[in-house]
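Keeping the supplied structure of chain A fixed, place chain B upon it in accordance with the hints.
Number of protein chains: 2
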Amino acid sequence: MKIIKYPSREQWADLIRRPQIDTTQLHATVSSILSEVKAHGDDAVRKYEEQFDHAQLHTLAITEAEMEEAERLVSDDLKAAIVLAHRNIAKFHEAQQFESHKIETCEGVECWQKSVAIEKVGLYIPGGTAPLFSTVLMLATPAKIAGCRQIVLCTPPNREGKVNPAILVAARVAGVSHVFKAGGVQAIGAMAYGTESIPRVYKIFGPGNQYVMAAKQLVSLHDTAIDMPAGPSEVCVVADASSDAEFVAADLLSQAEHGIDSQVFLITTSEEMLQKVTEQVDVQLAALPRKEIAQQSLNNSIFVLVRDEAEAMDLSNAYAPEHLIIATSDYERLAEKVVNAGSVFLGRWACESAGDYASGTNHTLPTHQYALAYNGVNLDSFNRKITFQHLSEAGIGSIGHAVACMAENEQLEAHAQAMRIRMSKLGLR
Amino acid sequence: MKIIKYPSREQWADLIRRPQIDTTQLHATVSSILSEVKAHGDDAVRKYEEQFDHAQLHTLAITEAEMEEAERLVSDDLKAAIVLAHRNIAKFHEAQQFESHKIETCEGVECWQKSVAIEKVGLYIPGGTAPLFSTVLMLATPAKIAGCRQIVLCTPPNREGKVNPAILVAARVAGVSHVFKAGGVQAIGAMAYGTESIPRVYKIFGPGNQYVMAAKQLVSLHDTAIDMPAGPSEVCVVADASSDAEFVAADLLSQAEHGIDSQVFLITTSEEMLQKVTEQVDVQLAALPRKEIAQQSLNNSIFVLVRDEAEAMDLSNAYAPEHLIIATSDYERLAEKVVNAGSVFLGRWACESAGDYASGTNHTLPTHQYALAYNGVNLDSFNRKITFQHLSEAGIGSIGHAVACMAENEQLEAHAQAMRIRMSKLGLR
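Protein sequences appear in the order of chains A and B.
According to the numbering used here, numbering within the first sequence proceeds without interruption in unit steps and concludes at 429.
According to the numbering used here, numbering within the second sequence proceeds without interruption in unit steps and concludes at 429.
Worth flagging that the hints you see were computed from the coordinates, not collected in a lab.
Every residue, glycine too, gets a C-beta built ideally from N, C-alpha and C.
Quick list of in silico lysine-lysine cross-link-like pairs, DSS-like style, CA-CA up to 27 Å:
#1 A:114 / B:337
#2 B:337 / A:102
#3 B:291 / A:425
#4 A:291 / A:2
Covered by chain B, according to a simulated footprint, are these stretches of chain A (three or more residues, beta-carbon under 8 Å):
#5 224-230
#6 245-253
#7 334-340
#8 357-363
#9 370-382
#10 388-398
#11 407-413
Same shape as in the complex, but just chain A (with noise of 0.2 Å):
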C-alpha cells in the first residue's frame, strides 16, 4: 500500500484520481456483435456462446427442470440465507414506495406526479468463477416491488450449458419472469434489439467486464436505458483512534479480493491506528485463498494519515467512493458531512459485507467516482414518474396570460393561441 501522511490538498488530486477506463477501444468488436445479434437474433447468440462460453445451445431459455434441478442443489443452509437477505432487501425496497399528492400551485391549477413501473426491464449476471446470486436479488427485488411487467435475466452458461444453481434459486425467490443462458455482449444486445427466445426490454442493469458495460453505454446511446456507468469496486474507510484495527483490516481485504483493479482507500486521523491496521492486513492476508488478487489490489490502495475529522471527511468527499464505512465511534456526527458516496457503513458493526448480502440496502452503487452524480440503484431506477396536470377554467384565469405572454415572448405563436383560444373561449383577455 502507499502510505501518505498529511498530504496537502493540492495533492489530493493525485490521491484520489481513479485508473482511466476507456472502453471506447472496445467500441468497434462490440458494435460488430451487437449488429450481428440484431440481425440474426438467437442464431447470434448461439454463434457467440459457442464461441465465447464454449456452449453449444439448442434453446436459450431456462426451462422448469433446470429450475427444478437447480432447487436440489443448493443447499438448505444457502436457499435460507438467500430467503432472508430477499426479505431484507424487499422490506427496505418497500419503503421507497412513492406516494402521490396533488398540489395546487395556483387556483384552478393542479399538479401531480405518479410512480409507474418501466413495463420491461434485463437484468444481466455475469457468470464465471463467482457466481453473483447476490446481484439477481438486488436486481429482481426491487424490480417486482416496482411491478416491472416482464423482468428478464440473462446469464452466461458454463461450457456444459448449464448456469450456477444458486443464481436460479434467486431468480425464483425474487420473481424473474424468464431466465436466459446468454451472456457478454451477445446478452446485452439480446435484451436490447429483442430475439426469437428474448424479449426486447426498456432498460438494462447489472454488473459486467469492459466488453459488457461497453456494450450497455452503446444500447444506451439509441435504444435502451442503461442503470449507469460502472468502473471497478471500491471501499473507504474513514478511521480513528477509537476503531478496530482487526475490523477495519477485513473490510479493506474484503474489498482488495473483488479483483487487482479493485480501489481500497483509507483515510484516519490516528498514527496508531495506521500503524495498527497495517499490520492487521498483514495478518489477515495470510489466511485468504484469494491472497494473490488481494495482494495485488493492496499493492495500489492508499492509506492516508489527515490532521483531523475535518479533513478526513472532506478527502472521502472529493474521492467520493462507492462504499464508504465510517468506523469510529462518533459517526453519527461524520455521518451528516458525507456529500458524495454510493452507501455508507456507520459504526464498527457495520462492515461492507452486510449491505453487499443482506441488510437490505443495494449494492449495485456508483464506482469511479460516479457518485458525484449518480446514486445506487433503488426502487426509483424501476420506475417513472410521470407528471399530470388538471386545468379548470379558474386555472385559465390564474395563469393564462403569462403563458400566453411567454410564449409570444419565445416567438411560438401557436403556443400562445393555444391559451389564447381558450381564454376567449371564457371572455378573458
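Below, chain B alone, put in the same frame as chain A:
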C-alpha cells in the same frame, strides 16, 4: 397529415415509429471540438464562439452590468409572467422534497436513504431565434431547491456578443450562480472539463441541436452525467366526441410550430371529431406566423381513428409520447390507463402550453419513445439518494450467518471473513 382509420395492431409499429436520429456520424466532429476545449480551455471556447456564433468575446462570464441591463430591457409584463411561472414551478418541485425515514429491516439493522444535492450542475440553454428563457426556469428552479451549490448556465451570444435579456432575468429569478456566453459543443465541453472561466460540473441538463446532443452523449460516456437523451418534441392528443375541436387543433399546431421534425399524433374514437379537427387545423394554420414550419411538420403528422377508448389508450402507450393530452370529458378514467408518457394534460382546459410555461410541472421531458424508460426532469434529477446503514451487535446476530454463508458461496472468502471476525468477537457462530 396522414389519416388512418381503424388500423390493425400489426400496423401500429409503423404508425408509432420515430424518425431515426443517429448522432454517431457527428461523433468525429464533436469529439475534436471537445478535445480542443479540454486542452485549451477558454481560448478554445472563444475560438469556436467566433467560428460558430460569429461573436468576438473577451470575457465569457456575464457581468453584473449586463445583468442590470437585461433587467431594464425586459418588459414588466414579461417579468411578472416569469415570476408567476417561477413561483408555480417552485411550488410543484418543493413538494417533491424527499423525507428520509429509517427502516429496521430486522433486529439491530437500520437502513435509510438520504437525498443529497449534486454539488455542481450545468444548464445548457440554446440560442437561436427562440430564446428559451422558460427552460432556464425549468432547470434552475429545481436545482436551487435541491440545494446544488454551484448552478452554471451556458448560452450562446448573438453576433454582438449579447445574450437574450429574458434568459438573464430568468436566470436571476431562479437563482443561477454563474452565466457564461458559450454555446454548442464548446459549452458542453467547457462544463464537462472546466476551463479557466467556466467551472467543471458533474451533471449537464438542457436541450440543444444534434451537435449538442452528441456532445452530451459523448461526455456522458466518461466524465459527466446528463439529464436524458433527446429527440424532436412530440404531442399525442386523445379526443372523443366530447372534445373541443378548436382546442384540439390549437394544441396540435402548438406542437407543429416547434420544428419541421416535430411529432404530432391524434388518436380519436370519433370520426366526426377527426373531420372537425382536420378542418380547424387548416383554419388556424393560416393565421400562424410560423405556418411554413407547422405545415411541414403537419405533413408528417398522423391522425388515427380507433374503435374505442381502450384501443386509444393502448395505442398512446405504445407511442409513449413526450406530451399526452387527454381531451375527453372522462379524462380521469383514461388517466388511470397511462403507462408510457412524459407529462399528461387532463381535460379541455389543460393545454400543453400551460405545462410548457407556468402550471408548475417540468417541460424537460423524454421524447422519441424514451418515455418507455425515462421520466422528465424533476427534483430527483438534481439529487442523489445515498443509502446509510447501521448495525448493532444484535444486527450481527440477525444477519451474520446469512452474510457469511452467501459470501462463501460466491467464493468471496474475505467478505465472509469481515463478518465472521465480528461474529467471533461477539461469541456468535
